[in-house]
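For reference, the chains in residue letters:
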Amino acid sequence: MLNAKQVSKSTKSVAIVIAVASALGFSSLAAPAKAASPVTISVVLAAPPLPAQMLAEFTKATGITVKWTQLDWDSLQTKIAAAATANTFFADATDVDWSRVGQLGKLNWFLPMEKYVDTKALSADMPQLGSFTKNGHVVGIPYDASFMVTTVNKTLFAKAGIKKMPTTIAEYTADLNTVKTKKVVQYPLNIPFAAAEGLSTYWYETTGAFGGHILDATGKPLFTSPTSAGYKAAAWMVNAVKTGLVPPGNINVADSQGQQTLMAKGKSASTFSDYSGNVGSLYDVPASSSVVHQVQYLATPGVAGPASNLGNPDGIGIPAKAKNPAAAAKFISWFTDGKNMADFAGANGTARTWVGYFFPSRLSGIAILNKKGSIIGGDVLAGMLKTSAAVFPEGAPAWYPEFSSAVYTNLHAAAAGTMTVDAAIKAMAGTATKLSSGK
Amino acid sequence: MKKKKLDLLPYALISPLIIFIICLALTPAVYTTIAAFFKVQPLNPPTRFSGLDNFRDIIHNSAVISSLGNTFLYILIGVTLSTVLGIYIAVVMQRSFKGRSILIAILILPWALPGVVEGILWTGIWDANTGVLNSVLKSLHLITHYQVFLGQNRLLTILAIEIVQVWQITPLSAILILAVLQNIPDDLYEAATIDGSNARKSFRHITLPLIRPGIAIAVVQAIIATLNVFDQPYILNGAASTANSLAMETYAVSFQNLNFGQGYALSLLITIFTLLISVVVAKFIYKKVEY
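Top line first, the protein sequences correspond to chains A and B. Taken in order, the first sequence gives residues 1 to 439; the numbers are from the working numbering. Taken in order, the second sequence gives residues 1 to 291; the numbers are from the working numbering.
Simulated from the structure, these hints should not be mistaken for laboratory data. C-beta atoms are modelled at their ideal positions from N, C-alpha and C, and glycine is treated no differently. A few of these clues could be false.
Covered, in the sense of this in silico footprint (three residues per stretch, anywhere, with C-beta under 8 Å from a C-beta of chain B), are these stretches of chain A [stated by the list, open to error]:
hint : segment
1    : 68-81
2    : 99-107
3    : 188-196
4    : 239-253
5    : 390-403
6    : 416-425
Here are the simulated SDA-like cross-link-like pairs (lysine to any residue), alpha carbons at most 25 Å apart as the crow flies [said to hold, decoys possible]:
hint : chain 1 : residue 1 : chain 2 : residue 2
7    : A       : Lys-183   : B       : His-145
8    : A       : Lys-106   : B       : Gln-256
9    : A       : Lys-79    : A       : Lys-321
10   : A       : Lys-321   : B       : Tyr-31
11   : B       : Lys-138   : A       : Gln-260
12   : A       : Lys-265   : A       : Thr-173
13   : A       : Lys-426   : B       : Ile-65
14   : A       : Lys-79    : B       : Glu-118
15   : A       : Lys-182   : B       : Gln-147
16   : A       : Lys-79    : B       : Asn-44
17   : A       : Lys-183   : B       : Tyr-146
18   : A       : Lys-67    : A       : Trp-334
19   : A       : Lys-386   : A       : Gly-280
20   : B       : Lys-39    : B       : Gln-256
21   : A       : Lys-79    : B       : Thr-27
Using the sequences and the hints given, assemble the complete structure.
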């Protein structure tokens, strides 16, 4: 039996061991030594994991195991920035958003993809690859050809007596007014005016429809004149709230929220800047929609006819501090393969379908889907993808996030009535001018 | 004289905590303090000493000034409401009754929920297009059209958002005050009753003075929470200037604009501000009580 002194001594020993163990980290003491294992890569995206069956096939073919982590988009961008600034490992492959390409390209936070993948060969099959290129380097590979499209509830339009779909902004606005005056719905247009990225994107798409660009090649604003496309687009959007085309409550509605609670519920008749793929993945899904088979894609109405669509693709790249860049590159090549992307989009059954996936970034992937007839509005979307254009033809500037913040906070304020459109435009332009001057 | 043997046990027991504090609190605090005086901009290298430039830039940043005003309103509304409600709940919970433990468990739930979840939950209440509140008010014929609670009027927006945070932080205030309340001897109330005191007078002259230590801690924790409010305004009102807080501005400056030097400076100012207010509160509200 232990006496009191022995107990005290043994307690001390245990306490000291615990303290030392804490300092060193419990895991190293607790975990048994592992045998050498095949390569495991960490993939972090703002999307749910790929179908287990497909990941298993990838592992079987390459010996690479994928550890998938899903984070929301904003947190993901913060973590990428924090890890890169701290010069530490975050993931082997992670999100490269088109809007961050300028910033990431300048900071060299991601490895140049052309070192690992034949990007020249890819470019013909991947129209949006240019949006991911900065200073001659490919920062990421687009895996989802999301682009902005106009969606229309044809049933509500028909109820208002509209038989021919609009092709110009003027016709489109007149049709929305008809839907409202005939009381088919109280607020026919969905514009997400919440101060968030979705509002900036909506304005870019509308500016494109009005026939213009946001910034010139040096980053100076092209929207200061009242006759410019950007100014007209902002005025058109804010006027839509003031004239009752858009619900007043939309000043706090984000893009996906408006799509889910207004368009999908038949409370709005149209979204001018919607996500490609939403018809198949949201509006035609009975569980989430009360307007099944009522919503269709519409070539974005422009000044004198259909306008080009704004590219809004999601990409994937390899952070500079990746532990297994070669394995990550193998995964990215497989992940962005045309046939696999067609499978993600539902070409070969639900077991191979990736929940929430919109549209392959490769024309060959879309061709497979179209051939199988498994994509709703596939012909229309494929045509739009061919003419989809980058928001910034010269590539997103490195200071884009700060500019975008100025765009959405000021447009939100104009819609909320706390500032005029003119003041909002001046504030946005002032930010672009200051940032492009390097101040 | 017999030399006293050094007893290592107490040091061993507290060493994990000391290591934890040094690694996760002191080191970042020291780093932040030093880095606040440097230009740390990955887009504009190299990192260089800049004296008070970061602080000067912050003072001239209209978004920071606007968020400072908003944060002051968050503190004012949040601390006042959570403290008053905390005292009320604690007094109600002071006496034992059937189901008291279950009620306390239910009350603590909002405190246990992440701010993001609360923001999403309350979106369904405040939403101007499909919100529950509008629906209820309309069905009671109190309004004819759905109202916009968030985003148009600054004070209304901040009040609506702060109510969500008050819902979250009040349970902790109540528990902190209740803990002190339960230490007050019943004899004091019995003696007061014999002397002719009614419930209101007993609350004013016995309860309130004796729970001051609990109120002080509750107020300090409410100040810290409201001064750092982020999730609720971010979810409910986006980045709009009508309700953005200092913490949101710090995030934007640091991770959106990648101006870490200014971010450090802003964080340092928030920390100093928190310490100053806490010291003032402790000095004026906290009072050591003996029964």
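**Study point:** Pair hint outcome, Lys-183(A) versus Tyr-146(B) [Cα-Cα no greater than 25 Å]
**Key:** holds, 17 Å
**Study point:** Coverage claim, chain B over the segment 416-425 of chain A, checked by counting residues with Cβ within 8 Å (three needed)
**Key:** holds (count 3)
**Study point:** Pair hint outcome, Lys-426(A) versus Ile-65(B) [Cα-Cα no greater than 25 Å]
**Key:** The hint holds at about 20 Å.
Practice item. Take the segment 188-196 of chain A, compare each residue's beta carbon with every beta carbon of chain B, and decide whether three or more fall closer than 8 Å. Key: The restraint on the segment 188-196 of chain A holds, since 3 of its residues have a Cβ under 8 Å from chain B and three suffice.
Check your understanding: Is Lys-79(A) within 25 Å of Lys-321(A), Cα to Cα?
Key -> holds, 13 Å
Review point. When you check the alpha-carbon spacing of Lys-67(A) and Trp-334(A), does it fall within 25 Å?
Key: holds, 15 Å
Practice item. Below or equal to 25 Å on CA atoms is what counts here, so check Lys-265(A) against Thr-173(A). Key: holds, 21 Å
Check your understanding: CA of Lys-182(A) to CA of Gln-147(B), is that 25 Å or under?
Key -> Given pair Lys-182(A), Gln-147(B) holds - Cα atoms ~24 Å apart, limit 25 Å.
Point to revise | Proposed proximity, Gln-256(B) with Lys-39(B) (alpha carbon, max 25 Å) | key: Judged against 25 Å, a Cα distance of about 16 Å means the pair holds.
Exercise for review: Take the C-alpha atoms of Lys-386(A) and Gly-280(A), compute the straight-line distance between them, and say whether it is at most 25 Å.
Suggested key: holds, 20 Å
Practice item. With a cut-off of 25 Å on the C-alpha distance, tell me whether Lys-138(B) and Gln-260(A) pass. Key: Holds, at about 23 Å.
Check your understanding: When you check the alpha-carbon spacing of Lys-79(A) and Thr-27(B), does it fall within 25 Å?
Key -> OK: Lys-79(A) and Thr-27(B) at ~20 Å, within 25 Å.
Checked against the numbered hints given earlier, this structure breaks none of them.
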